[in-house]
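Trainee: Starting from the structure of chain A, add chain B where the hints point.
One letter stands for each residue in the lines below.
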Amino acid sequence: MSVAGDAAPRSASAWHVRLPVSLLVGAAIVLAWILIAFLGTAFVHHDPIAVDLVHALLPPSAQFPLGTDSFGRDVMTRLMYGARTDLQMAFFGVVGPFVIGTAIGLLAGNFGGILDSVLMRILDVTISFPYFVLVIAIVAVLEPGLTSYYISLTLVNWVSYARLVRSEVIVLRQADFVLAARTIGIGEIRVMSHHLLPNAISPAVVFVFTDAVLTIVLGSSLGFLGLGVQPPRAEWGVMIAEGQLYLASAWWIAVFPGIAISLLALGFSLVADGLAKLLHTAP
Amino acid sequence: MDRFAFVLRRPLQLVPVLIGISLVTFVLVQMMPGDPVRIMLGPRASADAIAAVRARYGLDQPILLQYGSYILNVLRADFGQSLAFRASVLDVILARLLPTICLLLYGLIMAVAFTVALAVAAARRPGRWIDQTVRLFCVAGVGLPSFWLGLMLIILFSLRLKLFPVSGFGESPIDVLWHLFLPALTIAIAVTPILTRNLRATLVAQSSADYAVAGRSKGLSENYVFFRHVFPNSLLPTISLLGIVVSFLIGGTVVVETVFNVPGMGQLLVRAVLLRDYFIVQGLTLFFAVGVVLTSFLVDIVTVALDPRVKL
Numbered sequence: 002m003s004v005a006g007d008a009a010p011r012s013a014s015a016w017h018v019r020l021p022v023s024l025l026v027g028a029a030i031v032l033a034w035i036l037i038a039f040l041g042t043a044f045v046h047h048d049p050i051a052v053d054l055v056h057a058l059l060p061p062s063a064q065f066p067l068g069t070d071s072f073g074r075d076v077m078t079r080l081m082y083g084a085r086t087d088l089q090m091a092f093f094g095v096v097g098p099f100v101i102g103t104a105i106g107l108l109a110g111n112f113g114g115i116l117d118s119v120l121m122r123i124l125d126v127t128i129s130f131p132y133f134v135l136v137i138a139i140v141a142v143l144e145p146g147l148t149s150y151y152i153s154l155t156l157v158n159w160v161s162y163a164r165l166v167r168s169e170v171i172v173l174r175q176a177d178f179v180l181a182a183r184t185i186g187i188g189e190i191r192v193m194s195h196h197l198l199p200n201a202i203s204p205a206v207v208f209v210f211t212d213a214v215l216t217i218v219l220g221s222s223l224g225f226l227g228l229g230v231q232p233p234r235a236e237w238g239v240m241i242a243e244g245q246l247y248l249a250s251a252w253w254i255a256v257f258p259g260i261a262i263s264l265l266a267l268g269f270s271l272v273a274d275g276l277a278k279l280l281h282t283a284p
Numbered sequence: 100m101d102r103f104a105f106v107l108r109r110p111l112q113l114v115p116v117l118i119g120i121s122l123v124t125f126v127l128v129q130m131m132p133g134d135p136v137r138i139m140l141g142p143r144a145s146a147d148a149i150a151a152v153r154a155r156y157g158l159d160q161p162i163l164l165q166y167g168s169y170i171l172n173v174l175r176a177d178f179g180q181s182l183a184f185r186a187s188v189l190d191v192i193l194a195r196l197l198p199t200i201c202l203l204l205y206g207l208i209m210a211v212a213f214t215v216a217l218a219v220a221a222a223r224r225p226g227r228w229i230d231q232t233v234r235l236f237c238v239a240g241v242g243l244p245s246f247w248l249g250l251m252l253i254i255l256f257s258l259r260l261k262l263f264p265v266s267g268f269g270e271s272p273i274d275v276l277w278h279l280f281l282p283a284l285t286i287a288i289a290v291t292p293i294l295t296r297n298l299r300a301t302l303v304a305q306s307s308a309d310y311a312v313a314g315r316s317k318g319l320s321e322n323y324v325f326f327r328h329v330f331p332n333s334l335l336p337t338i339s340l341l342g343i344v345v346s347f348l349i350g351g352t353v354v355v356e357t358v359f360n361v362p363g364m365g366q367l368l369v370r371a372v373l374l375r376d377y378f379i380v381q382g383l384t385l386f387f388a389v390g391v392v393l394t395s396f397l398v399d400i401v402t403v404a405l406d407p408r409v410k411l
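As given, the protein sequences belong to chains A and B, one line each in that order.
First residue of the first sequence: 2, per my numbering; consecutive thereafter.
First residue of the second sequence: 100, per my numbering; consecutive thereafter.
Treat the hints with care, since some could be wrong.
Here are some chain A residues pointing at chain B (derived, C-beta under 7 Å) [to be verified]:
no., residue
1, Leu59
2, Ser129
3, Phe133
4, Val134
5, Val142
6, Phe225
7, Leu226
8, Ile241
9, Ala249
10, Ala255
11, Ser263
Distance ranges between label pairs, derived from CB positions [to be verified]:
no., chain 1, residue 1, chain 2, residue 2, range
12, B, Leu373, A, Gln89, 19 to 27 Å
13, A, Leu116, B, Leu122, 14 to 22 Å
14, B, Leu107, A, Ser118, 45 to 53 Å
15, A, Leu279, B, Asp159, 58 to 66 Å
16, B, Ala313, A, Leu32, 47 to 55 Å
17, B, Met130, A, Met121, 19 to 27 Å
18, A, Thr42, B, Gln129, 39 to 47 Å
19, B, Arg143, A, Met121, 42 to 50 Å
Note that these hints are calculated values from the structure, not bench results.
Bear in mind the structure is a predicted one, so any value in this text is a computation, not a measurement.
For every residue, glycine included, the Cβ atom is placed at its ideal position computed from N, Cα and C.
Bound-form chain A, shown alone (with noise of 0.2 Å):
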């Protein structure tokens, strides 16, 4: 659909010229969250874990510029160190299923097969469930916990890169370049790897800052239910669960890492928009 949408001149004019700068302003965000997660912590002089009860509840102030929380730490000083871990999920939720569905994407496209009549089964079983119901159920069984949240992530979204991998395998297993590749007899391993590959996995990385923005959305969300993240730990979910009980009368604990959350996703979409257009794919 979006193809079609691009190839009206109108919104192309509109919505191309200013896609290099969404690039440009979520590579920014997200570099801001970086440095802020890794560097900016050094500036902070408050613990992000030990309780403070006489600075507990509040409002923000020179000395707490975000406020407290019911046990007394920095909200600010949490949401750094809370950026840390919430990028942290965006990057290893995104790596496994990666690299394991890119690989067997290209197998399968490039072979055919039972390994592709056998992905295809899978790939019907996988999205006829909610993607998030079969996190959570994985994650039940296994423990709460950011370890069982990538150990699942890993086994549910694979399925998605091994899908996109494949529909560009098969289509240019048939190009004239990758039929010279094996005429002039270069090995099997050789044309997935510098000829197949380079060529097919551009809607992966696409994917990948459209994956990272669902992965620190449902990340955030088992902290919030209890299900990742366990507190004390500073983690952005597991803050705003903290605050739900003061909405009313200390409504800086909740508001701001949902802020932060937001943010983070909008750099990641950003720059999966901009991305998008920068190598031809459709969003």
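Mentor: Chain B only, in chain A's frame:
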């Protein structure tokens, strides 16, 4: 009625998918730590009771036969017993079916209304500020966590403006609509970006299709061309997305029912996970998956009914 022959054929094609779904839910419980029967009956169950349940669910047999008896039990609508709720899994789930279905339909109706309004506004003037604003909403909206959005709506509409209740389901139908307004709004906002992006793109593409140009050149007004010709012709791709959207909405109910304390299946899933009541988790996962499969089937029927050219 040849076009609808697939309605009879499709259920057969769904068999592999349903087998796959049953395998996944079966393996889920196999993966769990500890003895399922002990978990089902509690730590003080007698050896006899354990043996009896073990035999009833075929757990004393080899794993393949266990899978067989799982299938037979599911076909007999026996999903096991819930220890935490002291009732059969089926009863526990059915008691929570209505709120979730109301929430899903309510959210879906809202999402469709938002989508049509936003996509039409954007596609009437592509590239202008309305279009850009809608686009920004589509990019940013995907990353808005529903649980946080729900809390923000509670702060604004329930605590400050006192327009809607903070939680619960309600008694009469009107009361239910009032109680579920904010939860439905929350899940609607979560899926609207996906639908809007899709519908806008189709509308823009169809606006410059030959039949639209022909309509304009014979003097039809822009409004007439857009709403009588372009709009109806743009709906199918978005309708075919509804299967995926329902799957998304179900995921949304898990979080939103917890935030707004709606006594539905999504909230039950979270509770069951925290209580380690695996048979409820298994039953719910099965229910939700079959729900998604049936929705996709319905969407196929609607698609064929709406467009005579489509053959399935």
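Trainee: Hint by hint, note whether the structure agrees.
Mentor: Structure-based check of each hint:
{"no.": "1", "hint": "Leu59", "in the structure": "violated (19 Å)"}
{"no.": "2", "hint": "Ser129", "in the structure": "holds (5 Å)"}
{"no.": "3", "hint": "Phe133", "in the structure": "holds (3 Å)"}
{"no.": "4", "hint": "Val134", "in the structure": "holds (5 Å)"}
{"no.": "5", "hint": "Val142", "in the structure": "holds (4 Å)"}
{"no.": "6", "hint": "Phe225", "in the structure": "holds (5 Å)"}
{"no.": "7", "hint": "Leu226", "in the structure": "holds (5 Å)"}
{"no.": "8", "hint": "Ile241", "in the structure": "holds (6 Å)"}
{"no.": "9", "hint": "Ala249", "in the structure": "holds (5 Å)"}
{"no.": "10", "hint": "Ala255", "in the structure": "holds (5 Å)"}
{"no.": "11", "hint": "Ser263", "in the structure": "holds (5 Å)"}
{"no.": "12", "hint": "Leu373(B) x Gln89(A): 19 to 27 Å", "in the structure": "holds (24 Å)"}
{"no.": "13", "hint": "Leu116(A) x Leu122(B): 14 to 22 Å", "in the structure": "holds (19 Å)"}
{"no.": "14", "hint": "Leu107(B) x Ser118(A): 45 to 53 Å", "in the structure": "violated (25 Å)"}
{"no.": "15", "hint": "Leu279(A) x Asp159(B): 58 to 66 Å", "in the structure": "holds (59 Å)"}
{"no.": "16", "hint": "Ala313(B) x Leu32(A): 47 to 55 Å", "in the structure": "holds (50 Å)"}
{"no.": "17", "hint": "Met130(B) x Met121(A): 19 to 27 Å", "in the structure": "holds (24 Å)"}
{"no.": "18", "hint": "Thr42(A) x Gln129(B): 39 to 47 Å", "in the structure": "holds (42 Å)"}
{"no.": "19", "hint": "Arg143(B) x Met121(A): 42 to 50 Å", "in the structure": "holds (48 Å)"}
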